[in-house]
Amino acid sequence: MHLPLLTILTFLPAAGALLIALTRATPEAGDRSARWIALWCSVATLAIALLMWARFVPGQPGFQFEERADWVPGFGISYHVGLDGISLLFVVLSTFLVPVSIVAAWNSIENRARDYMIAVLLLESTLIGLFGALDFVLFYVFYEATLIPGSLLIGIWGGPKRVYASIRFFLFTFGGSLFMLLSLLAMWHTAGTTDIPVLMRTHFAPAAQGWMFLGLVLAFGVKLPLFPLHTWLPDAYAEAPAPATALLSGVLAKAGAYGFIRFAIPMLPDAAARYAPWMIGLGIVAVIYAAIVALAQTDMKRLIAYSSFSHMGLVLVGLFTLNAPGVDGALFQMLSHGIIIAALFLSIAMLSSRTGDRSISGVSGVAARMPAFATLGMLFFMANIGLPGTGSFVGELLVMIGAIHLGFWVALLSGSAMILGAAYMLVLYGRVMFGSVRSLAGGLRDLSPQEMAVLVPLAVITLWMGIYPSSFTRVFDPAVTGLVAGHRQAVAAAASPAAPTVLEAAR
Amino acid sequence: MITVASLFSVAVFAPLLGALVTGLLGRVIGDPISRIVSVGLMVVSAGCAVAALWFGLAASAQAVAVPVSTWVQAGGFHAAWTLRFDTLSASMVTMVSCVSMLIHLYSVGYMSHEKNPVHRFFAYLSLFTFAMLMLVTSDNLIQLFFGWEGVGLASYLLIGYWYDRPSAVAAAIKAFIVNRIADLFFMVGIALLFLLFGTVSYDNIFATVPEHVGASYRLFGTSFPAFEVIGVLLFIGAMGKSAQLFFHTWLPDAMEGPTPVSALIHAATMVTAGVFLLARMSPLMEFAPVAKGLVVVIGASTCFFAATVGLVQPDIKRTIAYSTCSQLGYMFVAAGFGFYQGAMFHLTTHAFFKALLFLSAGSVIHALHDEQDMFRMGGLARKLPVTCAVMWIGSLALGAIPPFAGWWSKDAIIDGAWMAGGGLGGFAWTLCTAVAFLTALYSWRLLFLVFHGRPRVPELHDHAHESGPVILLPLLVLAVGAAFGGWLLRPWYIGEHQAAFWNGSIFNAPDNHVLATLEHTQGLIALVPTILSFLGVAVAFVCYMLKPEIPAQLARSMRPLYLFLLNKWYFDELYDRLFVRPYRALARLLWHVGDETVIDGVPRGLARLTVGGSSGIVRIQTGSIAVYAFTMLIGLVVLLSTFLLVR
Chain H
1 MHLPLLTILT
11 FLPAAGALLI
21 ALTRATPEAG
31 DRSARWIALW
41 CSVATLAIAL
51 LMWARFVPGQ
61 PGFQFEERAD
71 WVPGFGISYH
81 VGLDGISLLF
91 VVLSTFLVPV
101 SIVAAWNSIE
111 NRARDYMIAV
121 LLLESTLIGL
131 FGALDFVLFY
141 VFYEATLIPG
151 SLLIGIWGGP
161 KRVYASIRFF
171 LFTFGGSLFM
181 LLSLLAMWHT
191 AGTTDIPVLM
201 RTHFAPAAQG
211 WMFLGLVLAF
221 GVKLPLFPLH
231 TWLPDAYAEA
241 PAPATALLSG
251 VLAKAGAYGF
261 IRFAIPMLPD
271 AAARYAPWMI
281 GLGIVAVIYA
291 AIVALAQTDM
301 KRLIAYSSFS
311 HMGLVLVGLF
321 TLNAPGVDGA
331 LFQMLSHGII
341 IAALFLSIAM
351 LSSRTGDRSI
361 SGVSGVAARM
371 PAFATLGMLF
381 FMANIGLPGT
391 GSFVGELLVM
401 IGAIHLGFWV
411 ALLSGSAMIL
421 GAAYMLVLYG
431 RVMFGSVRSL
441 AGGLRDLSPQ
451 EMAVLVPLAV
461 ITLWMGIYPS
471 SFTRVFDPAV
481 TGLVAGHRQA
491 VAAAASPAAP
501 TVLEAAR
Chain L
1001 MITVASLFSV
1011 AVFAPLLGAL
1021 VTGLLGRVIG
1031 DPISRIVSVG
1041 LMVVSAGCAV
1051 AALWFGLAAS
1061 AQAVAVPVST
1071 WVQAGGFHAA
1081 WTLRFDTLSA
1091 SMVTMVSCVS
1101 MLIHLYSVGY
1111 MSHEKNPVHR
1121 FFAYLSLFTF
1131 AMLMLVTSDN
1141 LIQLFFGWEG
1151 VGLASYLLIG
1161 YWYDRPSAVA
1171 AAIKAFIVNR
1181 IADLFFMVGI
1191 ALLFLLFGTV
1201 SYDNIFATVP
1211 EHVGASYRLF
1221 GTSFPAFEVI
1231 GVLLFIGAMG
1241 KSAQLFFHTW
1251 LPDAMEGPTP
1261 VSALIHAATM
1271 VTAGVFLLAR
1281 MSPLMEFAPV
1291 AKGLVVVIGA
1301 STCFFAATVG
1311 LVQPDIKRTI
1321 AYSTCSQLGY
1331 MFVAAGFGFY
1341 QGAMFHLTTH
1351 AFFKALLFLS
1361 AGSVIHALHD
1371 EQDMFRMGGL
1381 ARKLPVTCAV
1391 MWIGSLALGA
1401 IPPFAGWWSK
1411 DAIIDGAWMA
1421 GGGLGGFAWT
1431 LCTAVAFLTA
1441 LYSWRLLFLV
1451 FHGRPRVPEL
1461 HDHAHESGPV
1471 ILLPLLVLAV
1481 GAAFGGWLLR
1491 PWYIGEHQAA
1501 FWNGSIFNAP
1511 DNHVLATLEH
1521 TQGLIALVPT
1531 ILSFLGVAVA
1541 FVCYMLKPEI
1551 PAQLARSMRP
1561 LYLFLLNKWY
1571 FDELYDRLFV
1581 RPYRALARLL
1591 WHVGDETVID
1601 GVPRGLARLT
1611 VGGSSGIVRI
1621 QTGSIAVYAF
1631 TMLIGLVVLL
1641 STFLLVR
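Quick mapping for you: the protein sequence lines, in order, are chains H and L. Residue 1 is where the first sequence starts when you use the numbering used here, and the numbers rise one by one after that. Residue 1001 is where the second sequence starts when you use the numbering used here, and the numbers rise one by one after that.
Think of the hints as simulated: they come from the structure by calculation, not from any bench. Where is the CB? At the ideal position from N, CA and C, for every residue including glycine. Be a bit skeptical, because a hint or two may be false.
Not the full set, but computed from the structure, chain L residues with beta-carbon under 7 Å of chain H [stated by the list, open to error]: (1) Q1073; (2) A1074; (3) F1077; (4) F1146; (5) E1149; (6) Y1163; (7) I1177; (8) I1181; (9) L1219; (10) R1588; (11) W1591; (12) V1593; (13) D1595; (14) I1599; (15) D1600.
Could you put the whole structure together from the sequences, leaning on the hints where they help?
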């Protein structure tokens, strides 16, 4: 019997959330059982995701685990889901980070843990849903739905400025999404359907492509974030509780980049090619600007937030090189960055929960008191700098290989994160971990087993991605090669005058 | 060949095992076992390296690739984990593992007085060794870059080992970032190489070099030969690692680390990586004459610059550090003239005598309880007889006094520069010869200040004691190398057996005749450097033994020059004004003005316009998660339905 695995995967966390909501108990008992239900539910989800990874056939063109059901047939909208090599690993990333985040939140979220777990599980469902969606409307619904648990996580369990941060996060993303909706409607108007595989084969008129592209850039650019649409980011990342920040920066930010690779590039090839230099320019600005601003930060979490922004700039550069190594590098960078940035936010939280202070000048000499923490921290810091042997090096290397095809300066400037990143990360590490032990750091305990259980898997994966990245590239490389080749053909076809200009849908 | 391959793999991976065991389990197994494990594994590594080199030479096989695993494989880009065995890599592996083994052993004694557990130190040392071995055994540029960055990480950790000292942390960060600047160019160079050749593996690159000789690359609106651009970019990478002029500032500061670190980083291994890179890429560099010219100019300038600075430093370790910088300049001069064999020869002899000098300096510092100022030493020869003797041997080798090791290698390089001729040859020969004098002068200045004359600070002198056997044994072994290494190795590295020894692992262009003409250097010209070395010793004797007031007078009468040299030509101050401070100011400016005012201001202004509306929203904030979620869902559904129905 053929199991609808992807649908099960998508709604299993939501079912868990429902189960938690239905459980009636005293607040304490309810919180405890909510934690266990959430953990088991997310672990089961991870197991299914890993099973799908194992059963995935990398070389096979098109989508796998496809399911389709009519939704609004008159308008060409259907419940259509499926995975290719690109989306599969994002699903795996989401399902992996959620249990990590749940364990990290085990003790740190004391207030209304039950509601927290519901929100996290709902977020997981929406994330899997958006990566698995093969219908633009379905994608849009999931994409918008991430906002609900996302902004609740910031707004309820966040820091002192949580409501402000949450509303800004919501408004920015929501505002951006409206432009996506416009693009969606325009595409639907032309193609008569919102099915993604069909849209990918549809040729839109070059002029229309420009407007649709702009809409998508505004939508996904906010999420990524794209310079200068990033103003919500430092507040949101800094105010959200660390386990939630790990999910926001680790996975949710990737939804923006995923949008580019799923919609903007394959569906609007001419516009993507036309505006690629601008996108790369914005990416480089983000890389350099965020890295410079990060150095001036006084709050550890904000520093890491800017670092995340800087790295997403590199992803943008990689995507819009529009060649195989560049796009491969961007994808790999997204995956490894998801792991590393989550690890960094969680590490910082472990430290600041001990000292009660997030400022960089507030603590020093931690390495002497917390050697295990310092060792793992060093690994994640070095990974964030892109040291060979860690995942982000592979991503940065491939992006640079892609960028050199476009020119010397693109490669040199986008690579400047190598230097600027080292500057702010090492200064942070030097101030906090090194130096003489100050009174505040005097009574620090090293990591608890539970905290080790959070960080060690992340560390292992960071090294795994750096030493044997083929386990991951094998999965998405064929899809990326296909995508890039398809893009090149489409651009070439549009350039030749004989090509049909408006419509060549698969109708 | 299977034995060679497996011996070679063991030599490379044994230090990794040592690093992992001592680093991760150090606290569990305790310090004594950690020490035994790491030293033991280094002995294994060195033994295997020697055996592999021996068998490899006996079999006289050309390059052997030992595949380990795939690595990066995406989008048409391939790089694998592979160990490459040829004479160039095997000789480096042997040198690195042997010197590193001695330094591990020495560290057991040197770090015995530390209050905190030292397993971390041994883990870093072994990690460093592993990274260096990966660098020299790489079969492609990406794996080389892995080792390249790995030694960078390990040196960062080692320099900052005493992390409660702010100066050590600052020096560690500086070393890493200065190296990273150079590495960016290196990385772009590798990418460019891939663009041109479509591969990063050595064999594939070298095989297709002739096809690409005429290729050009556009930069700054002009067309350059592609090989020149790549050559210059790779050399910038080498400049960073090898602390050549403009990138040298990290090296003296790196003296903040424990002394064995200085020996390991500044003598045998890390700083020579740049020279190794040029030798490794010789099949390509040979076709980039302009880049090679740049190598000569930078090498000779560094050689001279560092020697002048070394002349006036009061700190014993900094003096030797500048001397390292200067000697690396010699190696680059040789490489720039296509005399890679000579560069490798000097690299090897230098590894022995410079490790010896650093470790002896460590023995002195150890004896004087962490005193490093040479002007507070003196007359230690009687207190530290063995250290004094081996340091003399090291200085004789460094000062190129025949028949010690440095004489063989350094004179060959200077002769090579002369025979290369032309303006460049004349420039390099003049500077290198002058530096021969300076080298002897600062070496004997050090010897006389530390070991001879009267003790300047009696209480320090009285408590001084000779180090234990664990420290002295490595010194004696290295002293043997410093004394006889040049004479023993010369026939193989640059003499009659060199072609059979290198066996194709180093490439000389058909029109490159440096090696052949070396023997024809005119007798008097060949003697000049040696005469100047002796003269340097004599001047040092006069200035620091007979008439100690001369240097002080000179310093007074030529105060600006003295300060200029003492402050290392003001490079640090210049960089601070030019880069560090403006960068920090820019960071604050962009944050406060760029991000907080402008980019944040626009949405804030919009928000202010709608503030009336939002105050109403505040009233319906109930705090119930269900109400929020429900409201949003309803909004979503209404929005969607509207768009779908009103088509």
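Results for each hint:
For the restraint placing Q1073 (chain L) at the interface with chain H, the shortest Cβ-Cβ distance is roughly 5 Å, inside the 7 Å limit, so the hint holds. With a least beta-carbon distance of about 4 Å to chain H, the hint placing A1074 (chain L) at the interface is held under the 7 Å criterion. Contact between F1077 (chain L) and chain H, as hinted, is supported at the beta carbon level, the nearest pair being about 5 Å apart and thus within 7 Å. Against a cut-off of 7 Å between C-beta atoms, the interface hint on F1146 (chain L) holds, since the closest Cβ of chain H lies about 4 Å away.
Nearest Cβ of chain H to the Cβ of E1149 (chain L): about 5 Å, under the 7 Å cut. The hint holds. Given hint, Y1163 (chain L) at the interface with chain H, holds; its Cβ is 4 Å from that chain's nearest Cβ, closer than 7 Å. Proximity of I1177 (chain L) to chain H holds as hinted, the smallest CB-CB distance being about 5 Å (cut-off 7 Å). At about 5 Å, the closest approach between the beta carbon of I1181 (chain L) and any beta carbon in chain H falls short of 7 Å, and the interface hint on this residue holds.
A cut of 7 Å between beta carbons decides the hint on L1219 (chain L): the least distance to chain H is about 6 Å, and the hint holds. The beta carbon of R1588 (chain L) comes within 5 Å of a beta carbon in chain H, closer than 7 Å, and the hint placing it at the interface holds. Annotation: interface hint on W1591 (chain L) holds; nearest CB of chain H at approximately 4 Å, less than 7 Å. Hint on V1593 (chain L) is violated. Least Cβ distance to chain H is approximately 11 Å, over the 7 Å limit.
Interface restraint check for D1595 (chain L): the shortest CB-CB distance to chain H comes to about 6 Å, inside 7 Å, so the restraint holds. Interface hint at I1599 (chain L): satisfied, since its Cβ lies 5 Å from the closest Cβ of chain H, which is below the 7 Å cut-off. Interface hint status for D1600 (chain L): upheld, as the beta-carbon distance to the closest one in chain H is roughly 5 Å, under 7 Å.
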